[in-house]
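Residue numbers (this note's numbering), protein chains in the order written: chain E, 1 to 501; chain C, 1001 to 1339; chain B, 2001 to 2339; chain W, 3001 to 3322.
Some hints here could point you the wrong way.
Below are the BS3-like pairs computed for lysine-lysine, each with C-alpha atoms no more than 25 Å apart in a straight line [unchecked claim]:
no., chain 1, residue 1, chain 2, residue 2
1, W, K3250, W, K3264
2, W, K3234, B, K2170
3, W, K3234, W, K3311
4, W, K3250, W, K3300
5, C, K1129, C, K1219
6, W, K3300, W, K3130
7, B, K2170, W, K3214
8, E, K337, B, K2129
9, B, K2308, C, K1129
10, W, K3084, C, K1170
11, B, K2219, E, K337
12, W, K3149, W, K3311
13, W, K3187, W, K3264
Every beta carbon over 10 Å from chain E, so not counted as near; a handful from chain C, in silico [claimed, not checked]:
no., residue
14, L1028
15, A1097
16, L1111
17, G1128
18, T1162
19, L1166
20, G1173
21, I1174
22, W1189
23, V1190
24, V1202
25, L1213
26, L1270
27, V1303
Derived by calculation from the structure, the hints in this document are not laboratory data. By construction, the Cβ of each residue, glycine as well, lies at the ideal position given by its N, Cα and C atoms.
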Amino acid sequence: MTAILRLSEVVKTFPGVRALDGVHLEVREGEVHCLLGQNGAGKSTLIKVLAGVHHADAGEILWQGEPFAPASPQAAMRAGIATIHQELDLVDDLSVAENVFLGHEPSRFGFTRRHGAAARTRTILTELGHPEIPPGRLTRDLPAAGKQIVSMARALSHDARLIVMDEPSAVLAHDEVANLFRIIRELTANGIAVVYISHRLAEIREIGDRVTVLKDGRTTAAGLPARTPTRELVGRMTGRAFEYVFPPREAKAGAAPLLEVCDLSRAGEFAGVSLTVRPGEIVGIAGLVGSGRSELLETIFGARVADRGTVTLDGRRITGVGQAVAHGMGMAPEERKSQALLLDEPVFKNMTLASFTGFARAGFTAAGRERAAARRTADNLELRPRDVDRPVRTLSGGNQQKVVVGRWLLGHTRLLLLDEPTRGVDVGARAELYQVVHDLAADGVGVLLVSSEVPEVLGLADRVLVMREGRLIHEAPAGELDEDTVLDLVMAGSLMEGEAA
Amino acid sequence: MIAETALPKAPKYDDNLLRNLGLVGVLLVLVVIGIVTRPELYSDPSWVRDNILTILQQASAIGVVTVGMTFVIIGGGIDLSVGAIIALAGVWSTTLATQSYGAGGMIFTALVVGVAVGLVNGVLIAYGKLVPFIATLAMLVSARGLAAQISGKQTQVSANETINSLATAKPLGIPLLVWILALVVGAGWVLLNRTTFGRRTVAVGGNPEAARLAGINVKRHTVLLYVLSGLCCGIGAIMLTSQATSAQAAMANLYELDAIAAAIIGGTLLSGGRGTIVGALFGVLVFSTITNLFAINNLATEVQNMVKGGIIVAAVLLQQFRYRSFTNLLRRRNVGNNS
Amino acid sequence: MIAETALPKAPKYDDNLLRNLGLVGVLLVLVVIGIVTRPELYSDPSWVRDNILTILQQASAIGVVTVGMTFVIIGGGIDLSVGAIIALAGVWSTTLATQSYGAGGMIFTALVVGVAVGLVNGVLIAYGKLVPFIATLAMLVSARGLAAQISGKQTQVSANETINSLATAKPLGIPLLVWILALVVGAGWVLLNRTTFGRRTVAVGGNPEAARLAGINVKRHTVLLYVLSGLCCGIGAIMLTSQATSAQAAMANLYELDAIAAAIIGGTLLSGGRGTIVGALFGVLVFSTITNLFAINNLATEVQNMVKGGIIVAAVLLQQFRYRSFTNLLRRRNVGNNS
Amino acid sequence: TSNDTGDNAQVRTDTGGDNGNAAAGPKVIIGFSAPAADHGWIAAITNNAKAQAGAYSDVELRPVEAGSDAAAQRAALSTLIAQKPNVIVMLPHDGKELNATGLEAMRAGIPVINLDRAFPSAAAYRLQIKGDNYGMGLAAGQYIGEQLKAKGVSNPVIGEIPGIDSLELTQERTAGFNAALATFGFKVANRRPAEFTADSGQAAATSLLQALPKLDALWNHDDDQGIGVLAAIKQANRSEFFMVGGAGSKAAIDAIARDDSVLKATVTYSPSMASSAISLARLIGQGKGLSDLVELQVPKEITLASETITKDNASKYAKLGF
Ligand SMILES: Nc1ncnc2c1ncn2[C@@H]1O[C@H](COP(=O)(O)OP(=O)(O)OP(=O)(O)O)[C@@H](O)[C@H]1O
Ligand SMILES: Nc1ncnc2c1ncn2[C@@H]1O[C@H](COP(=O)(O)OP(=O)(O)OP(=O)(O)O)[C@@H](O)[C@H]1O
Ligand SMILES: [Mg+2]
Ligand SMILES: [Mg+2]
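Next comes chain E alone, as it looks inside the complex:
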């Protein structure tokens, strides 16, 4: 097999950051080449250089044997490189078909040929296993997973020789990932090369042919076989040795419930949800994408108004976010960029967003104390870079997530709601986050966790609730469940007594 793409000594610098510092990469025709690396290692930057978004400061890129320096995204696409970017790059107010063909619309004299575009979109979506997504619908109506499929359809709509996928599985549920792998196999069977980025090592072992590992903008291992033992891969990335590291826990709940949710309902989203969380307990909610878990958390937090039912924290009714926060509830929402972060503000102000009033005296903020507290939290979370004055925008995705979680470590949080806390978070940071959650629980904080990664729910939680189509259908201590059981419940509700849903 010949190398279709070869990078050597590629350097890319942003003001104050050397994001790529001598990267080597060689991708062969028809292979799935995985890129591994911690948050901020430079993976996204690397593929943006390939996609013509950034221009390398130095180094050499050979594409199909020729020197290659795409001046624009269009140039890269014309050369045969299609990219699915990490941040969803869709226009919400265009239809699915319009997004798929944005920039290369089928047209005659400038008039769009909508039926042609719709038909071709439908074909591509069907190939992708999603004939149910209507090409004419506005993209804003799709759930995150649907948007990811549209991004993928867009990449396939080009006649690409190389498709780069930056964490495509981060927002996908279990069965979706299997579907994605089927598509990747079909692509590679046709000689198309795929560069695949993911923080989940199991996926890489399953789909990857070879692996290149980045650390701090440098290639630390190039072209390893995908079956390389986890220990070695993780070691190359971080110096650690394990993927999921769940700290040992002795269940010690038993006090009176901290959070009591009673018969909570919101029309069209979820209904009749009752649950409790005790101090020091970690309760996990498993479920499919779109099963209404995010809405449930937001409603408990008071950010959405319930149609029916009550939420009480320590016996006090919660009816609004302000009150929830005041009484010690915190939430790390699902979409960190749009729901949690002030991207242009420094890290420390983001961390203290919910607690700066507490630091303040008589309405005057205390930036010094805030900064010091934020630094301590940044150390706890091993934030990289550990600079709390840097705008959050310049942090990698995983580190941004740490900032969001860190926000609730600063206040006097007694109940923490976590929605997909490790989405896009690297192996090392993930372990650190798990440790943080455990430490919190050990301090008596109750945690309600939503995650699409079943091992995470099982490994982290004391007690697991399974949610399906807006209802809780099962509850059991984590120890009594295994991955397959949970997946069965999530998909089919097969352990359900009445099969009501």
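Chains C, B and W with the ligands: place on chain E using the hints.
Just chains C, B and W with the ligands now, kept in the frame of chain E:
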């Protein structure tokens, strides 16, 4: 599988349609107020017909400008210089020198001036990286200054009968200016909804980064948007000049505010990425119907103004209310009751 | 816990500082132009001193308004009604009835009117969910209408010597109005940068959803921002009334555009979430220095306007250029050379 | 120009003597349109017209608001024409921009009386009654020239504060002013336009005073904005020059009479022309002529003289101030 549950039901209703229905409702309410307050006028069908045509004719120039403005706003910008462009194009096309070239020369001049000023706006914004607000505000000031300079601050009378007759011609019984408005609105609708240019406008305004990643030349497109707005102003300048049979540096005063307000009332998002041409037209019609209502009731200007603010607020609230209650209704119906 | 030394250095340069430096540069350039064109005036130190105070005094009312506007814009809104609020507050506080309560009554009235109108704006926007542009545009129209109604379209002369003397008083040789401007700017700076209110403003404007989910009452805060702007307008109304020793419905015409432009030139993001009070002040000073430059050179209005647009563009470009070249410099130094 | 509104309208009803025109005749419906008043002079125009119409038992005035620009006024007048009044009196935003509307009304058989701002086309009006903008400038220039000459100032520094600079009337006033000064060999050293409002007058005057550390004379086109101009002069603590106003507001006339400020004179541009216009509209509607003239009909054009009000004659003009 994106479960059917995860995909919201296919909309049986359309955001934009509902909004526009809301605006039609507002228009109807205004007409009803007219009928109630001046029944004797409204009892005469030929007066009613004339009145409708008058409203449309009064809306024509600002309507054309609003179409261009809507494109600019959807594309993520704003154009504060539209009134000034009209003044400059109007004045330039009515200088004695230009008038000596006849109607063709005057129209050509107005359009070229509009396009040229739009081009300067676009280049300053796209390549000079100026904030649109500042760039077009600077253009507002400069273009009005230049117009004053060219006209020597005099009102320049158009001696060209062809130009002047544009405002009086009534092919098929409908004023020519209204035909022009209809044409521009129609063309704008097709351009926005049926061409790659329109789709790219939405992309550039809604998510410039995504547009760039999709290979769209965002800068060039931005320039084109301001050129389009300038072109609409050129057309508007000819329309206004023919109506006033003259042009001057102070003409089309504050058109920018009216055009922006009409676009927004019509459902265009000031932050870009969303908007409709038909909504903008309704926005313009609401304003021009309000003016008409005041005129037939002969309200004092200060009362007019006090009431006008209230009507605008009420119109938008009404529109929102209709919209919300309607979607709530649909939602309830789709969901059924959970127990 | 980690030793301070282990932490990375804080950034060595600051966006805002650089921007403001750019504006200071623009001001210096304007002054140099003044010196070159009218050396005989600038050779007289006492004239220069007077001139600086005059520029500051002329900037004082609009400066105060711009501080409020900057808060509103940083908080994600816009206030088109500032000029109209000034007119309404000015007219209301100079009616014969109000004047009979003396200076205290007049000041109180102006402030209350400002706050009340701001409150209405804020409630319409935060709770009525109106787009700020539309809500405050409606308020602009209504408030000017009400002002015309109250004043009977007459210029209302202030017979109150205390009010009128505000514009002539010069404690420590510096006009009282300039002191007021300094006070408001200082208070604004502290409020934005050192208080929880300022923090909330940035959060609400930068990402309202994030602010809400962090427990901030976004709606209430939005209302407070418009109230603050209204309050600044009330202060501005008194300042302007004392300067003109009168008030009328058309006063403070187009102040909204000037205030927004000054804020944006000063580095405030029109989309919210970022901005500086000091920058806004420099923006106001740039405008007022331009006016002064035109006056001492006796430029004709039309030339003035043409040049003014150019100066604004040049100022912003200069500022950007400085900024970019400076950061490029820093970047080059860090990186070394590329092949 | 003051807080007392309305009571000071300039009305003339000569009922006595052998003036046959005063006797009530057939009913005349007069349509009236003037721009939205945000300025004392325009407000006085409207007030005068209403007051004068009220003084006749055989006149019904139908005022239509003309809004804030020419387009709005065109729209308002179309609806007025449709109502077929006997005569229309209008003060156009701009004569040239409203020319077509004048023609439309005349074609519809409604005589049009143009107040103050001339139509270019003679077929567009029946009667033109206006002030003399050029003459106003001439009068101001003449007064200033004479005063300075009397004082023996050879190379005077003269300032000018016009109103809205893009208006043609401003241009005419400035042209007259320059022409008169030229006869003395003088010229304007600095010209800072305001916007007919007191606050803009203050700003313009402050700039002007700053630009001219020494000043001999100042013409401010408009007494309403003059309130701000005088305030600025006081704030700058300047008094080495004298000032001439324009239009002839009550406050200005009083100040001239008191002679306690730099304001020494004002040149009139009286809104009383609106009262005259209504009287003449009535006569036109009734087919009568001016009784002192031999002609059977009202003439086609009347231009009011611009008079110079000084301390000496201020008392005579006091009741004409608006
Ligand atoms: N536009 C930018 N300006 C400044 N710094 C940037 C920019 N984009 C990325 N960086 C920095 O470059 C480094 C590499 O970031 P990159 O996004 O490539 O990491 P990544 O490997 O994709 O991480 P993740 O797994 O979290 O997505 C990070 O330190 C990041 O903060
Ligand atoms: N703003 C919205 N408008 C319309 N429907 C929405 C909106 N937000 C969510 N939904 C719908 O609500 C349902 C549940 O949404 P959501 O995707 O948040 O569930 P989830 O279990 O949290 O899944 P995920 O794993 O993606 O977080 C879905 O049908 C989704 O499409
Ligand atoms: Mg990445
Ligand atoms: Mg979710």
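Find the nearest Cβ of chain E to the Cβ of T1162(C) and say whether that gap is larger than 10 Å. Given that every Cβ of chain E is farther than 10 Å from that of T1162(C), nearest at about 32 Å, it holds.
Does K2129(B) lie within 25 Å of K337(E) when you go C-alpha to C-alpha? Answer holds: K337(E) to K2129(B) is near 24 Å, not above 25 Å.
Can you confirm whether the C-alpha distance between K3084(W) and K1170(C) stays at or below 25 Å? The given pair, whose Cα atoms are some 23 Å apart, holds under the 25 Å limit.
Please check whether the beta-carbon of V1190(C) is more than 10 Å away from every beta-carbon in chain E. 8 Å, violated
Test the statement that V1303(C) is away from the interface with chain E: the closest C-beta pair must be farther apart than 10 Å. 40 Å, holds
K3234(W) and K3311(W) were given as a pair; does the straight-line alpha-carbon distance stay at or below 25 Å? 20 Å, holds
Once the closest CB in chain E is found, is it more than 10 Å from G1128(C)? 20 Å, holds
Take the C-alpha atoms of K2219(B) and K337(E), compute the straight-line distance between them, and say whether it is at most 25 Å. 21 Å, holds
Given the hint that K3187(W) pairs with K3264(W), test it: the Cα-Cα distance must not exceed 25 Å. 20 Å, holds
Once the closest CB in chain E is found, is it more than 10 Å from L1028(C)? Given a closest Cβ separation of 29 Å, the condition holds.
Hinted pair K1129(C) and K1219(C), Cα distance within 25 Å: Roughly 10 Å separates the two Cα atoms, so the pair holds.
Starting from K3300(W), check that the Cα of K3130(W) is at most 25 Å away, please. 11 Å, holds
In this structure, the hints that do not hold are numbers 4, 23, 24 and 25, in rising order.
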